[in-house]
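Residues per chain are reported as follows:
Protein chains: 2
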Amino acid sequence: MTEGSDDIQALIAMMARLPGLGPRSARRIVLQLIRKRGQNMTQMAQLLGRVAQNSRECAVCGNITDREVCGICTDPERATGEICVVQDVADLWALERGQAFRGRYHVLGGTLSALDDIGPDDLGIPALLTRVGDERISEVILALNATVDGQTTAHYIADALEGAAVKVTGLAQGVPIGGELDYLDDGTISAALRARRSL
Amino acid sequence: MTEGSDDIQALIAMMARLPGLGPRSARRIVLQLIRKRGQNMTQMAQLLGRVAQNSRECAVCGNITDREVCGICTDPERATGEICVVQDVADLWALERGQAFRGRYHVLGGTLSALDDIGPDDLGIPALLTRVGDERISEVILALNATVDGQTTAHYIADALEGAAVKVTGLAQGVPIGGELDYLDDGTISAALRARRSL
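First to last, the sequence lines map onto chains A and B.
Under UniProt numbering, residues 1 to 199 are what the first sequence spells out, in order.
Under UniProt numbering, residues 1 to 199 are what the second sequence spells out, in order.
Errors might be hidden in some of the hints.
Any copy, or any two copies together, can satisfy a pair, since identical chains are not distinguished.
Claimed, not checked - When the alpha-carbon atoms are kept at most 16 Å apart in a straight line, the in silico EDC-like pairs for lysine to aspartate or glutamate are as follows:
# : residue 1 : residue 2
1 : Lys36     : Asp88
2 : Lys36     : Asp182
3 : Lys36     : Asp116
4 : Lys167    : Asp149
5 : Lys36     : Asp159
6 : Lys167    : Glu82
Please keep in mind that the hints were generated in silico from the structure rather than gathered at the bench.
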């Protein structure tokens with residue numbers, strides 16, 4: 001009976017398993033919630049319940065939404081003929097925050113991995129190929145992580161789209177905005193040098 | 001409509017205000033919860049709701065509990081005649097985890113502070129003095145932080161208890177277990193030297 005009540009202990013234990021949290025930070029958060037319980041703890045409980053109830057994957061692109069098909073897939077202004085392929089919903093959200101892309105998305109939900117036995121069918125790659133035909137797509141942008149797994153998956157998709165009349169592109173690699181050369185790894189520096197552009 | 005739905009955005013914004021979290025970690029946590037929503041998101045919502053509904057301060061000591069008077073205050077085995085005075089419920093929980101103290105507690109909920117206009121009445125110090133008389137207390141242990149505010153409060157309480165027939169003690173100061181002298185501040189080293197003990 002250390003932490004107040006069984007419910008409080010169960011809540012702390014559950015919070016402690018969330019990414020980036022541990023027992024200490026979970027205790028701190030739960031205590032803060034209880035201290036301000038009049039303000040927003042009940043509201044947070046209701047929100048959590050509603051999100052748990054209503055969230056689902058968009059039937060078309062795999063984005064998280066509370067409808068059958070997400071707002072991006074139903075927005076006619078975003079039928080630009082471009083599909084941006086991302087590994088994860090978090091990547092989609094990051095791209096949306098950047099507001100640089102006005103087309104539609106396709107969330108793979110992972111990368112190809114022989115080790116974890118993840119093949120093209122597990123990632124919805126057949127669905128992507130179908131969409132490219134059905135939605136009259138002119139360009140597929142592979143916005144995958146610049147890791148070995150991400151690039152393997154990008155190459156696989158590029159190969160699979162070889163026959164289709166569609167442009168396949170990837171994100172530029174180079175020096176990040178605000179990046180200092182001294183702190184960058186060798187691979188990034190050589191990539192940026194190889195892809196140098198005239199000013 | 002970046003992050004899925006209005007509810008998801010509201011949940012992220014609310015989580016981002018919790019101690020130790022920010023927008024990035026809140027997004028990561030909410031996404032993880034949604035991914036595993038079948039497992040425990042609903043359960044967490046219910047727990048949060050129940051804790052918000054049932055939590056209150058113990059009428060005697062100020063501990064967080066789901067009853068009128070907390071389990072420590074009602075446990076007859078803990079009527080040892082000792083009261084441990086702590087600043088915060090988190091400190092009480094920390095002492096309980098250590099399992100070194102078997103008496104009862106008194107949570108101040110803060111420290112005296114002229115700057116923030118917090119006086120003895122705001123901290124329930126009169127209630128503490130009443131308890132010392134009513135519960136036949138023989139020792140008051142001031143387990144307050146070793147900060148200026150904490151020690152000011154400790155001195156104030158020690159003064160207020162001067163007339164009562166009660167022993168007033170404070171936590172020992174010295175080298176923490178596992179502490180290396182080289183990394184300790186000068187104040188701690190001199191305190192540990194002054195309070196040296198024969199072996």
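Hints, one by one, checked against the model:
no., hint, in the structure
1, Lys36 - Asp88, "between (34 Å within a copy, 14 Å between copies)"
2, Lys36 - Asp182, "neither (46 Å within a copy, 41 Å between copies)"
3, Lys36 - Asp116, "neither (44 Å within a copy, 19 Å between copies)"
4, Lys167 - Asp149, "neither (22 Å within a copy, 66 Å between copies)"
5, Lys36 - Asp159, "neither (55 Å within a copy, 33 Å between copies)"
6, Lys167 - Glu82, "within (9 Å within a copy, 77 Å between copies)"
Going down the numbered hints, you'll see the structure goes against 2, 3, 4, 5, while the others check out.
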